[in-house]
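Enquirer: Below, each chain spelled out in residue letters.
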Amino acid sequence: MSDAARHEALIDALGAELTPVRRLLPPWRRALGWLAVVAVIAVALFVRYGAGTMLHRWEAAPDLGVAACGAVLTAITGALASFMLAVPGRSVKWAWLPVPSAVLWIGASGLGCLRAHIPGMPVLNMHAANDCLVFIITFSIPLSGLLIWLLRRACPLRPVLTAVTVGLASAAASASLLEICHNFDAAATDLFMHAVAVAIVIGANALMGGRLLSKV
Amino acid sequence: MAAAQAGDQRAYTRVLNDSVALIRAVARRQGVAVDALDDVVQETLLTVHRVRHTFDPSRSYDAWLSAIAARRAIDLLRSHGRREHREVHDEFAMDTHADREDASTGTLRQQEAERLRKAIETLPPGQREAVEQLGLKERSLAEAAERTGRNTGALKVNLHRALKTLRDRLHGES
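One line per chain: the protein sequences are F and E, in this order. All residue numbers in the first sequence are consecutive under my numbering, ending with 216. All residue numbers in the second sequence are consecutive under my numbering, ending with 1174.
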């Protein structure tokens, strides 16, 4: 069979089994769906812990508030970038979208190390720092899983890059949620643990999420 | 393509036929050899079919198609690269130690047949049926369609997919 005939045969066969399809929603609307789930968890945590501790920390140390805003923005832009990258033909430059907010998040958190201790708040010990690590990873697993599941309906042609933005979005969302119930002053050990947790989440996503997405 | 998403077969076959030239051009630009361009066309057409719901009619069809074609071209280049890396090109060895029929050849063939049989068994039912009817029993499309109750189009697609799956699996193992 010549190549032209081979293509024609395949096209005829594909035409014969054509069924109407439901078009994918625009990336920003799909991102909103995932962010809505994060928002529901945030509301549940606010109901349980209240906003008092969080606001007290931010008042005493505005840089923590800036870092939290950076984390929230990173979750939003990371999710949007993931859904954009999952649609063929969209520019790869979308991967840069979460970078400025991630710099703000990580930069402001890092500045916390240089700041004086917040009066009246316990300084984090190693044991509690481990809790932060566990919290971020525990929340990131279902959030990444959900994001990957949603992305699999699209067609991520750059699976590993998409998985990295997935990891960044879920780690940022988990760090934002942690902020609500985090009743410690941010010390160097704490920030180090946050950094480790974020690195683990992004690394695990790049390794496993990339594979899951490349099967699409 | 927007009409195809709604189920218009004529619009679909037309847009796919018109896409072949662009797919070839994109693959060529990625550095795919001329004799492998048609493999990229086939793989791209199958991907387009699978992910046709991701096309947004308010955006460029060419950009959407080019992105898929470029990806499939890169996949092909990578798989060729891997295969060439594994295969040994040693003409001297070929001359001095040419294959001879010996006891192990028969066993080897048997093992290969066994591997193929097992791989066919693990195919999804529709694909397995297509291979059995069209490939192993050498029935015509019409005969196979009559026996299985499927239309010929579905059988062709199933056979194509089955061959791709088998190729991937057997290459992956060797």
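It is worth saying that the hints were derived from the structure and are not from the lab. Every value quoted in this text rests on a predicted model; they were computed, and no experiment measured them. Quick reminder that beta carbons are idealized off the backbone N, C-alpha and C, glycines included. Mixed in with the good hints there might be a few duds.
To be verified - From the derived model, a few chain F residues whose C-beta atoms are all more than 10 angstroms from chain E:
1. P26
2. G65
3. C181
As the list claims (entries may be wrong) - Partial pick of chain E residues on the chain F-facing surface, computed with a CB cut under 7 angstroms:
4. Q1009
5. L1045
6. H1049
7. R1052
8. T1054
9. S1058
10. W1064
11. I1068
12. L1077
13. R1078
14. G1081
Stated by the list, open to error - Per label pair, the in silico range of CB-to-CB distance:
15. F/R211 / E/D1018: 31 to 41 angstroms
16. F/V92 / E/A1002: 37 to 47 angstroms
17. F/G145 / E/A1002: 27 to 37 angstroms
18. E/D1018 / F/V196: 49 to 59 angstroms
19. F/P62 / E/D1018: 50 to 60 angstroms
20. F/L32 / E/A1002: 17 to 27 angstroms
21. E/K1164 / F/F192: 45 to 55 angstroms
22. F/P26 / E/R1117: 41 to 51 angstroms
23. F/S2 / E/H1080: 38 to 48 angstroms
Enquirer: Give a verdict on every hint.
Expert: Here is what the structure says about each hint:
1. P26: Since the minimum Cβ distance to chain E is about 7 angstroms, F/P26 lies within 10 angstroms and the statement is violated.
2. G65: Given a closest Cβ separation of 38 angstroms, the condition holds.
3. C181: Given a closest Cβ separation of 38 angstroms, the condition holds.
4. Q1009: 5 angstroms, holds
5. L1045: 6 angstroms, holds
6. H1049: 5 angstroms, holds
7. R1052: Holds - the Cβ of E/R1052 comes within 7 angstroms of chain F, reaching about 6 angstroms at its closest.
8. T1054: With Cβ-Cβ at 5 angstroms, under 7 angstroms, it holds.
9. S1058: 9 angstroms, violated
10. W1064: Since the shortest Cβ distance to chain F is 4 angstroms, the answer is holds.
11. I1068: Since the shortest Cβ distance to chain F is 5 angstroms, the answer is holds.
12. L1077: 15 angstroms, violated
13. R1078: 12 angstroms, violated
14. G1081: 17 angstroms, violated
15. F/R211 / E/D1018: 31 to 41 angstroms: Between F/R211 and E/D1018, where Cβ atoms are some 34 angstroms apart, the hint holds.
16. F/V92 / E/A1002: 37 to 47 angstroms: 25 angstroms, violated
17. F/G145 / E/A1002: 27 to 37 angstroms: 33 angstroms, holds
18. E/D1018 / F/V196: 49 to 59 angstroms: 52 angstroms, holds
19. F/P62 / E/D1018: 50 to 60 angstroms: Holds: the Cβ-Cβ distance is about 59 angstroms, inside 50 to 60 angstroms.
20. F/L32 / E/A1002: 17 to 27 angstroms: 24 angstroms, holds
21. E/K1164 / F/F192: 45 to 55 angstroms: 48 angstroms, holds
22. F/P26 / E/R1117: 41 to 51 angstroms: 47 angstroms, holds
23. F/S2 / E/H1080: 38 to 48 angstroms: With Cβ atoms ~22 angstroms apart, the hint is violated.
Figure legend: structure checked against the earlier numbered hints; hints not met, in rising order: 1, 9, 12, 13, 14, 16, 23.
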